[in-house]
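A.B. asks: Chain by chain, the residues run as shown.
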Amino acid sequence: QQQVKQSPQSLIVQKGGISIINCAYENTAFDYFPWYQQFPGKGPALLIAIRPDVSEKKEGRFTISFNKSAKQFSLHIMDSQPGDSATYFCASRFSTPLVFGKGTRLSVIA
Amino acid sequence: DAGVTQSPTHLIKTRGQQVTLRCSPKSGHDTVSWYQQALGQGPQFIFQYYEEEERQRGNFPDRFSGHQFPNYSSELNVNALLLGDSALYLCASSPGLMEDTQYFGPGTRLTVL
Chain A
1397 QQQVKQSPQS LIVQKGGISI INCAYENTAF DYFPWYQQFP GKGPALLIAI
1447 RPDVSEKKEG RFTISFNKSA KQFSLHIMDS QPGDSATYFC ASRFSTPLVF
1497 GKGTRLSVIA
Chain B
2 DAGVTQSPTH LIKTRGQQVT LRCSPKSGHD TVSWYQQALG QGPQFIFQYY
52 EEEERQRGNF PDRFSGHQFP NYSSELNVNA LLLGDSALYL CASSPGLMED
102 TQYFGPGTRL TVL
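Residue numbers (our numbering), protein chains in the order written: chain A, 1397 to 1506; chain B, 2 to 114.
To be clear, the hints were calculated from the coordinates, so they are not data collected in a lab. The beta carbon of each residue, even a glycine, is placed where N, CA and C say it ideally should be. A few of these clues could be false.
To be verified - No farther apart than 20 Å at their CA atoms in a straight line, the calculated lysine to aspartate or glutamate pairs in the EDC-like style are these:
| # | chain 1 | residue 1 | chain 2 | residue 2 |
| --- | --- | --- | --- | --- |
| 1 | A | 1454 | B | 101 |
| 2 | B | 27 | B | 101 |
| 3 | A | 1453 | B | 101 |
| 4 | A | 1467 | A | 1427 |
| 5 | A | 1464 | B | 101 |
Said to hold, decoys possible - Calculated Cβ distances over 10 Å to all of chain B for the following chain A residues:
| # | residue |
| --- | --- |
| 6 | 1404 |
| 7 | 1410 |
| 8 | 1422 |
| 9 | 1439 |
| 10 | 1448 |
| 11 | 1452 |
| 12 | 1453 |
| 13 | 1455 |
| 14 | 1462 |
| 15 | 1468 |
| 16 | 1474 |
| 17 | 1506 |
As the list claims (entries may be wrong) - Quick look at which bits of chain A chain B covers, simulated, 3 or more residues with Cβ under 8 Å:
| # | stretch |
| --- | --- |
| 18 | 1427-1438 |
| 19 | 1483-1493 |
Given the sequences, and given the hints that come with them, work out the whole structure.
C.D. replies: In structure tokens form, the structure reads like this:
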């Protein structure tokens, strides 16, 4: 069964801290791993994505770490800001539409 | 450049009714996918359209049907609405059937009473 398991369900981080969200997948054929950010009442917006040929990708304050052998990948948000407060979804695919995790609600407090 | 647009924004229907949701893809995109997002859950794939044909389908009953027009816009139809169909319905577009990156619209919030 194609599943993507995401943790934690919710996360509270101090302003300036590092937010870390983890995902694990089952299908070894998956070859594309994006992270989406969703604000209340809005559609998901693509943040950053990685393919399994690299172990890390960084874009600004957002970094994806990828561990192919463990079938896990994670999102790190450096210097977290109150404006980062949103729900984050990991996803995976291989010639199929995206399979999403259940989401992590991030709250960044001052 | 307009992104993915969806209409209507909100919709309230009663059980047994039928509903049609609409989506216009991002400029230059020819592939449209529909997702259902229940409250507190991640989006779940309903189906995908390319060249006016349904190319892939998720685990949704035949009550869910769709259409893609020559201008790449798309409709999602749901018949015989159930309370459990209440959700945010998201449209995503991409510039090709095998393109990984999908861009989502703001969604249509459907409430079934």
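A.B. asks: Each hint should be assessed against the structure and marked as holding or not.
C.D. replies: Hints, verified against the model:
no., hint, in the structure
1, A:1454 x B:101, "holds, 19 Å"
2, B:27 x B:101, "holds, 15 Å"
3, A:1453 x B:101, "holds, 17 Å"
4, A:1467 x A:1427, "holds, 11 Å"
5, A:1464 x B:101, "holds, 19 Å"
6, 1404, "holds, 14 Å"
7, 1410, "holds, 25 Å"
8, 1422, "holds, 15 Å"
9, 1439, "violated, 4 Å"
10, 1448, "holds, 12 Å"
11, 1452, "holds, 18 Å"
12, 1453, "holds, 14 Å"
13, 1455, "holds, 14 Å"
14, 1462, "holds, 15 Å"
15, 1468, "holds, 17 Å"
16, 1474, "holds, 23 Å"
17, 1506, "holds, 26 Å"
18, 1427-1438, "holds (count 5)"
19, 1483-1493, "holds (count 6)"
Violated hints amount to a single one, hint 9; each of the other numbered hints is respected by the structure.
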